[in-house]
Amino acid sequence: MNRRRQGRRLLRRFIPVGLALPLVAFVLVTFVIPLATMVVQSVHDPEVADAFPRTLALLADWEDSALPSPDVYEAMAAELVLSRENRSIGKVATRVNRIESGTRSVFAKTARRLESADTSDMPASMIQIDRRWGDVSLWRAIVKAGQRYTARHYLQSIDLERGLDGEIQLVSEERRIYKTLYLRTVYVSFAVTVSCFLIGYPIAFAITSVSDSLAKILLVIVLVPFWTSLLVRTTSWLVLLQNQGVINDILVWIGLVDDGSRLALVHNMTGTLIAMTHVLLPFMILPLYAVMRSIPPVYMRAAASLGANPFQAFARVYFPQSLPGVSAGCLLVFILSLGYYITPALVGGAKGQLISNMIAYHIQTSLNWGLAAAISVVVLVGVFVCYFLFDRWVGIDKLKLG
Amino acid sequence: MPHIGWKCLKGAFVTVVALGFGFLILPLLVIIPLSFNVEPYFTFTEGMLRFDGDAYSLRWYRSIVENPEWRAAIGNSFFIGIFAAALATVLGTLAAMGLNHPKFPFREFVSAFVISPMVTPVIIVAVGVFFFYSAIGLGQTRLGLILAHAMLGAPFVVITVSATLAGFDHTLLRAAASLGAGPITAFRRIQLPIIAPGVFTGALFAFAASFDEVVIVLFLGGVDQRTIPRQMWSGIREEISPTILAIATLLIAFAILVLLAVELLQKSGKRIHEDT
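Protein sequences, first through last, are from chains F and A. If you're matching positions, the first sequence starts at 3 in this note's numbering and goes up one per residue. If you're matching positions, the second sequence starts at -19 in this note's numbering and goes up one per residue.
Keep in mind the hints are simulated off the structure, nothing from the lab. Using N, Cα and C, we set each Cβ at its ideal position, and we do this for glycine too. A couple of the hints might just be wrong.
[To be verified] Listed below are the simulated DSS-like cross-link pairs for lysine-lysine, each with C-alpha atoms no more than 30 Å apart in a straight line: (1) Lys218(F) x Lys(-10)(A); (2) Lys(-13)(A) x Lys218(F); (3) Lys218(F) x Lys247(A).
[Said to hold, decoys possible] Incomplete in silico selection of chain A near chain F, CB under 7 Å: (4) Val(-4); (5) Val18; (6) Phe22; (7) Thr25; (8) Leu71; (9) Leu74; (10) Ile104; (11) Phe199; (12) Met212; (13) Ile232; (14) Leu239.
From just these sequences and the hints, can you work out the full model?
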């Protein structure tokens, strides 16, 4: 009897855990494992290693100053033909080409012609098909691409590479693109956060200081854009800002701008900044409003009765109390900006692209998934650092929406 | 004359605030009349400014209805959104009930864990989802998008249901038990009415999160899984036609409906809280 009661009590203690368990498991499978897959993808690059196992084993103790021995050529030839048969040769060629550009065509061409080639002197036949087989740098590239686990993508994602002697060095000037993009992303996020704060603070303050019925209407003005699809808001900016758009038309009509010299407001950085500020503004206003609503107005009155002018009362009494809202709003806007993709892609043009556009480019166009994964991990770490600093300075529990 | 100075300052403040509100809402309001433009332009024609009836038309709305791609996109958006919201609501509500129990172990950590998809940049979530879901055969399927969107929506449900549960007095459940109610009856008659507004609000948030999501759809979805935002994306990129403005106007109307629903739910939530 007593035992059964104990059992029941134990069961009751586990009910809350049991209720949370399905979601925990769901988040694990649909979110954590995908992110883990992404991390693996950023360092794991098995294509070449899987295609040329024998060649790479033979090349393991190759002195990379001279050409490899004939048996390496024979293994290579056999595995080239094999990878042509199982259609992996295109992927392999792409991989090697990323390390040594201009080598993409070598592989398919050699594999195709090897079928009718003289097999007695393989090195000679292969060099005859494509003279780059007689070039040490192609073999070096194959060895490099053949590493199953590699830090190459991380190095590349921060504009570094391994030189011939294995030293880590900066890539040549014209290929240094990522540092600019990270800096630009941080700069845009910062600028958007500041402009959201400058526009959002007075708005949130105004909502808390008017009558209830007017406050309701003003809140609706904030919430309608919040609930409206991101694509709609981006579209409307595109329509407003474009060359023949509403804003330029108005400027021309009132004579501020000449019809021939309409302002370029979109497909550049200006467009990105304006549209992102608009899209993220509710994320600044709502936390600010939530905190400001809880500041009792008697404090301001008390300050005034003690002789403070409205500016002093605001700066010394009100503003410090609204700081939790300021920090929460700024954190939200900054972090959301860091990973923003849609708006810069549509209104940013070439000059308004951010790091997230590069991630999408490598996923969809260049198909360099390892590099996309590495850049994503770099951004994710940046976001973690932001949260960590916020938690240290403000406390993450202060973060709430509405 | 310090008074006049403060009045000026107040005037300046009101102007700044008015400009801010204009910045928030005008871009959306401009879209609406432009969607009725009879010409394929993105600015007001002279006829429109004269309020000439012939300058307005429903042709772009007709082109949504007549275009099979848009019809498919609307169907996909609702299909994926409803299933994702349903899944998110069930999982999120259960989890919120568990997490708000006073004796839940490691509550802060577990809460942060289940909310983490919401605070991770969606482009990064999309990259991970793309790699993993493609690898297990969920790429270019509706199921894959439903699961991914449910994962993004569940945190909203956890938060809104937790908010309604925050003031919940757990002795009520014990009182119900002492009066002979089984745990299921106690849940159905006591707890469910209290959390219901939070559950519905969370469901709406989850639906909106799915309805608006486009990055995951871009990476993971194929031609057959195009949703409304995905269709707008290619519309904007390839050849922008005023059809986009018509669909945008419909989406603004939809957003206002959702907003009204959330407000009503919050009001009823407050009423229940005051009654208990």
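>> Hint by hint, where does the structure go against what was stated? Just the numbers, ascending.
In response: 5 and 7
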